[in-house]
Amino acid sequence: MAHKHIPARAALTAALLLIRSTSADVLPDNRADVFYSKYSGGGMDITGYSATARAKITENFAVEANYFIDKVSGASVDVLSSASPIKDERRQKSGTLEYLHDKTTYTASYMSSVERDYISETASFSLSQSMFGDLTTVTLGFARTNNTVGDNGGTSNKPDVAWVGHALTRAYSGGVSQIITKNFIAGVNLQVITDAGYLANPYREIRFRDNSAVGYGLASQVYPDTHTSTAVQVQAKYYLPYRAAVTGLYRYYTDTWGVVGNTYELDYTHPISNKWIFEGRARYYKQSAATFYSDLFPFAGSQNFTARDQNLAALDNITLGAKVTYAFLPEGWKFFKRGTVTGDVSRIRFNYKDFRDIKDFGVAQGFAPGDEPLYNFSATVYQVYVSIYF
Numbered sequence: 001m002a003h004k005h006i007p008a009r010a011a012l013t014a015a016l017l018l019i020r021s022t023s024a025d026v027l028p029d030n031r032a033d034v035f036y037s038k039y040s041g042g043g044m045d046i047t048g049y050s051a052t053a054r055a056k057i058t059e060n061f062a063v064e065a066n067y068f069i070d071k072v073s074g075a076s077v078d079v080l081s082s083a084s085p086i087k088d089e090r091r092q093k094s095g096t097l098e099y100l101h102d103k104t105t106y107t108a109s110y111m112s113s114v115e116r117d118y119i120s121e122t123a124s125f126s127l128s129q130s131m132f133g134d135l136t137t138v139t140l141g142f143a144r145t146n147n148t149v150g151d152n153g154g155t156s157n158k159p160d161v162a163w164v165g166h167a168l169t170r171a172y173s174g175g176v177s178q179i180i181t182k183n184f185i186a187g188v189n190l191q192v193i194t195d196a197g198y199l200a201n202p203y204r205e206i207r208f209r210d211n212s213a214v215g216y217g218l219a220s221q222v223y224p225d226t227h228t229s230t231a232v233q234v235q236a237k238y239y240l241p242y243r244a245a246v247t248g249l250y251r252y253y254t255d256t257w258g259v260v261g262n263t264y265e266l267d268y269t270h271p272i273s274n275k276w277i278f279e280g281r282a283r284y285y286k287q288s289a290a291t292f293y294s295d296l297f298p299f300a301g302s303q304n305f306t307a308r309d310q311n312l313a314a315l316d317n318i319t320l321g322a323k324v325t326y327a328f329l330p331e332g333w334k335f336f337k338r339g340t341v342t343g344d345v346s347r348i349r350f351n352y353k354d355f356r357d358i359k360d361f362g363v364a365q366g367f368a369p370g371d372e373p374l375y376n377f378s379a380t381v382y383q384v385y386v387s388i389y390f
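Following the working numbering, the numbering of the sequence shown begins with 1 at its first residue and continues without gaps.
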């Protein structure tokens with residue numbers, strides 16, 4: 001049976017997003033949000049529903065709670081080469097506490113994510129310090145995730161889960177943002193993540209050349225039991241004279257598995273009156289393959305570590321996106337300060353440089369092992385959310 005695991009790094013990223021850099025010695029307003037998302041592409045359909053509530057207990061203390069449901073159907077093409085599609089559901093709960101003291105904001109959060117064959121728990125802590133007349137903000141953060149990984153040998157309706165391993169992930173982050181002029185803000189962020197334990201995906205397999213009718217055999221992946229990654233991101237925002245803003249971003253990623261990634265992004269934001277905000281973005285990402293990745297190994301047991309995970313292959317992708325926000329309560333109503341609804345759509349094109357489509361092309365279609373077409377696909381992401389401030 002195939003499955004889409006939510007990796008520890010996704011949980012850590014979500015936890016670190018809860019770390020806010022509060023600027024003017026004031027905690028954000030009370031608010032409530034409902035959220036819907038839909039991802040479709042690469043054989044996967046993922047639908048998400050979320051509700052968030054935030055409240056300031058005092059001017060210095062705030063709490064936030066979130067509940068998220070993620071429904072998955074299908075499976076990625078590398079999983080489908082050796083397993084079947086699935087339907088599954090992930091339920092995630094999180095809570096956050098924020099405390100403001102003088103010019104320092106302390107944030108602590110806890111997140112629990114449960115699937116049929118994957119359990120993840122994340123705790124995080126951060127502090128954000130404003131200094132130099134609030135022109136500079138320094139943020140430090142730490143998150144720790146425990147994961148339990150299972151292998152469902154049954155079906156979606158009749159699961160038979162064997163728990164195959166555990167993994168521990170730690171994330172360390174630090175950042176500085178600087179107001180350079182009244183129209184120009186820049187920042188730099190550093191994140192280091194370490195993983196230890198069972199890091200492979202039990203539903204993905206490698207392939208190697210043999211003398212069978214299809215010309216290759218399948219075997220389980222073998223991953224190292226440690227992994228460390230480092231990412232540095234620089235970004236700058238410039239406010240244009242007519243209230244619009246342009247944001248540029250560059251991110252460099254490298255890890256101990258040999259993957260090197262580069263991200264370039266350009267965003268444009270344009271408000272109209274106090275009711276509309278229009279945004280557009282373009283993003284390009286490129287990465288190299290892991291050192292132990294191969295689409296087709298020469299023979300079984302050819303090296304100590306082996307992977308045929310499309311996420312570890314050499315690839316690039318291009319994202320084009322647009323977002324519009326409408327304030328349906330621009331001046332508030334009764335005790336509500338403001339209400340907005342936002343629609344967001346992204347189109348992503350994935351191109352693989354050394355990962356081949358063996359699901360749709362093979363010996364029966366006249367392709368020898370290693371000569372199948374390179375895999376590529378497009379995905380669309382829709383998001384809609386409503387926010388009420390009070």
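Careful, some of the hints might be misleading.
Stated by the list, open to error - Below, computed lysine-lysine pairings styled on DSSO-like, alpha-carbon distance capped at 30 angstroms: (1) K93 - K337; (2) K275 - K353; (3) K359 - K286; (4) K286 - K56; (5) K359 - K275; (6) K182 - K103; (7) K158 - K87.
No lab work stands behind these hints: they were computed from the structure.
Results of checking the hints against the structure:
1. K93 - K337: holds, 27 angstroms
2. K275 - K353: violated, 44 angstroms
3. K359 - K286: Between K359 and K286 the Cα gap is close to 24 angstroms, so the pair holds against 30 angstroms.
4. K286 - K56: violated, 41 angstroms
5. K359 - K275: violated, 48 angstroms
6. K182 - K103: Between K182 and K103 the Cα gap is close to 21 angstroms, so the pair holds against 30 angstroms.
7. K158 - K87: holds, 12 angstroms
Comparing the model with each earlier hint shows violations of hints 2, 4 and 5; every other hint is respected.
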